[in-house]
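J.: For reference, the chains in residue letters:
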Amino acid sequence: MTAVGSWGRLRRAEHFVVSLPDRESAGYLISSARRPGLAAGMQRSYGDVSTNEAGTLWDCRRLDKFIAFDEHSGVLTCESGVLLRDIQATFSRRGWMLAVTPGTAMVTVGGAIANDVHGKNHQTQATFGNHVLHLTLLRTDGEAIQCSLRENPDWFHATVGGLGLTGVIVSATLQLKRVPGPWIQAEDIVFESIPEFFELSRASEAEYEYTVSWIDVTTDGGRRGIFTRGNPVAASKREPEHRRLSFPITPPVSLVNRLTLPAFNHAYFRLKAAQARKHIEHYRSFFYPLDAVRDWNRMYGSKGFYQYQSVIPRRDAQEATRAMLTECSRAGAGSFLGVLKTFGDVRSLGMLSFPEPGTTFALDFPQHGQHTAALFARLDSIVRSCGGRLYPAKDARMPPDMFQDGYPRLEQFVNFRDPGISSDLSRRLLGT
Amino acid sequence: MTTPTERIVVVGGTSVIAQHTLRTWLENRDATVHLIGRSKSRLASVEADLRVRLPGSRFSHEAIDLCDIAAIKRVTEQQTANGAPDIVLIAHGALASQTDSQKSLHAASDQLITTGVSPALWLEAFAARMATGTLAVIGSVAGDRGRRSNYLYGAAKSLIERVVQGLQHRYAGTDLHIVLIKPGPTRTPMTEHLALAGVRLADVHQVAEAIAQAVRKHRRVAYVPGRWRLIMTIVCAIPAPLFNRLDL
Chain A
3 MTAVGSWGRL RRAEHFVVSL PDRESAGYLI SSARRPGLAA GMQRSYGDVS
53 TNEAGTLWDC RRLDKFIAFD EHSGVLTCES GVLLRDIQAT FSRRGWMLAV
103 TPGTAMVTVG GAIANDVHGK NHQTQATFGN HVLHLTLLRT DGEAIQCSLR
153 ENPDWFHATV GGLGLTGVIV SATLQLKRVP GPWIQAEDIV FESIPEFFEL
203 SRASEAEYEY TVSWIDVTTD GGRRGIFTRG NPVAASKREP EHRRLSFPIT
253 PPVSLVNRLT LPAFNHAYFR LKAAQARKHI EHYRSFFYPL DAVRDWNRMY
303 GSKGFYQYQS VIPRRDAQEA TRAMLTECSR AGAGSFLGVL KTFGDVRSLG
353 MLSFPEPGTT FALDFPQHGQ HTAALFARLD SIVRSCGGRL YPAKDARMPP
403 DMFQDGYPRL EQFVNFRDPG ISSDLSRRLL GT
Chain B
126 MTTPTERIVV VGGTSVIAQH TLRTWLENRD ATVHLIGRSK SRLASVEADL
176 RVRLPGSRFS HEAIDLCDIA AIKRVTEQQT ANGAPDIVLI AHGALASQTD
226 SQKSLHAASD QLITTGVSPA LWLEAFAARM ATGTLAVIGS VAGDRGRRSN
276 YLYGAAKSLI ERVVQGLQHR YAGTDLHIVL IKPGPTRTPM TEHLALAGVR
326 LADVHQVAEA IAQAVRKHRR VAYVPGRWRL IMTIVCAIPA PLFNRLDL
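Those protein sequence lines, which keep their order, are chains A and B. So in my numbering, spot 57 of the first sequence is number 59, and the numbers just go up one at a time. So in my numbering, spot 50 of the second sequence is number 175, and the numbers just go up one at a time.
Quick caveat, the hints were computed from the structure, so don't treat them as lab data. It is possible that some hints are incorrect.
What the hints assert, rightly or not - Partial pick of chain A residues on the chain B-facing surface, computed with a CB cut under 7 Å:
1) V20
2) D24
3) E26
4) R64
5) K67
6) F68
7) F71
8) S75
All values reported here derive from a predicted model rather than from experimental measurement. Beta carbons are placed, not taken as given, at the ideal position from N, Cα and C, and that holds for glycine.
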């Protein structure tokens, strides 16, 4: 038994970890393992989607081989344990990159598919699953299912964003996107109000592929933030050294708290505001600023932290965002990583994919027991009243009925579950 | 595309350290690489992976029993028939459980042969047929002093070190360079159980870079990461009565 916990550090639980060393033996190891099991990668999900207490975890990190790549079409086939970091580093110099990447590259391809992750270019490229051409799914009964939009499409729609519950993804074929190189022309713009953010989003969407914004969630209702937008650009700069800091210890209490947060956020705002002009940036610092600090999740202390990420349909987005910010300041709870982003209109492929047209808002909160739970209950009621939903990859606490209401295709999805697979999240939200 | 002229042979081609070392070597240059290993399917998947990563280089592979003396002889003859390769990296070995090896003499013998005798024979066979080039082999800090948790593995690695010393003496002053790499515990599949137990492991990228540099500079013995030279000097200096009371 091995103690495994996810990125939010809320808890660590004992698991039987079975490492899958290669594609050939994966089928046998999956079908012969103690049930229930769950495919696992880098444990970068925040809550309990990636853990399976007292059960088996099939560790896919050794399935890290590229299988084939076509330089002309940009089609890459690889094993599911390949890290997004390796794809970006290998192909960005050859004119190709992932079409969609989340805010960390330290995740596996399998995890990116199972959570159907999104990035700063949702409005043009939709989610990770929209660029998956094919995947191989191993079921615990020994069956291998090949799926794509044409071949077994139902299985494909269930598995993309399927939270790992339909089987173990062992390999996938991805369509990479042509880029001029590893550089991004980026621009940071200060905004002073929520309507200003929405205005900037509208104004930027046509001309900028990447948009995202950070909002200062200590300023009593969120009046200021930094809107970042960018486009891939050809540049002949020297690639920056890969420097990494690390957070070497876990402090007993969260360093992000009522006393420090205004200072943190003020400093971050000032720093960004001072640099707010057009500049050419390497993709690593543009897409993955937090990857430069290893174990940054330790800063929330030994009790861990929650991330609360919602999406609100467009009609109510502005009002709901303001209401959530008001709740945060009423609760005296700030957040260091307040991230706002508008999603585009392209429908996600997965039955349980999170993004939908509207605005997504992500907030981090250190774990403070009842106090945090009460705030979440109030945020939940705002999200639910607007027909919004929460992101399972970030979640550790939403009530089951909120999940059911938020994901209308759930009823269809459960038919594709693998009976040999279960996770802490599936037991919490689906009962099994 | 022309075939690159630099030629590299890797024995133990599926070793994670070997794969990363190849990636480092070939990041900015191309070579013709022959991978030798035990499992045909794993070699094929490593080869496919390297082809994608390093499109300028040429790869081939061959699966054989690495402990079979006739096979060692045949393969080394083939690989040196048209002149010596520029680099030969001998990277195979297995870290079996010490407790299993203590329970079974067969397991103990397997550990000594796979990790010690076989690499030593590959060294002998290649050295005898190479007038130039670099012959690099992966040893281990575990070979510096026997300790209860892994002394059979350590003994096998120590055997390699004595063979390397002898070869370095035998070929001193020639154009054949023999390099012994001694990694500390490195994050690879072989050490997964250590990682799970919370042991601090070196990053395989860094180890690969250190190996590439040791080969380029014709180091006789390279500890990677370098701090292990100091650590092992201290470990070796601890008097036995004290050492034997330590839980190492």
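J.: Would you mind marking each hint as holding or not holding in the structure?
T.: Here is how each hint holds up against the structure:
Hint status for V20/A relative to chain B: violated, with the closest Cβ pair at about 11 Å, above 7 Å. The beta carbon of D24/A is positioned within 7 Å of a beta carbon in chain B (closest approach about 6 Å), and the interface hint is therefore held. Interface hint at E26/A: satisfied, since its Cβ lies 5 Å from the closest Cβ of chain B, which is below the 7 Å cut-off. Satisfaction of the interface hint for R64/A is found here, the shortest Cβ-Cβ separation to chain B being roughly 6 Å, below the 7 Å cut-off.
Hint on K67/A holds. Least Cβ distance to chain B is approximately 4 Å, under the 7 Å limit. The criterion of a C-beta within 7 Å of any C-beta in chain B is met by F68/A, whose closest approach is roughly 4 Å, and the hint holds. Restraint check, F71/A versus chain B: the minimum CB separation of about 4 Å is within 7 Å; hint holds. At a threshold of 7 Å, the smallest CB-CB gap from S75/A to chain B is about 14 Å, leaving the interface hint violated.
When the structure is compared with the earlier hints, violations turn up for hints 1, 8 and for no others.
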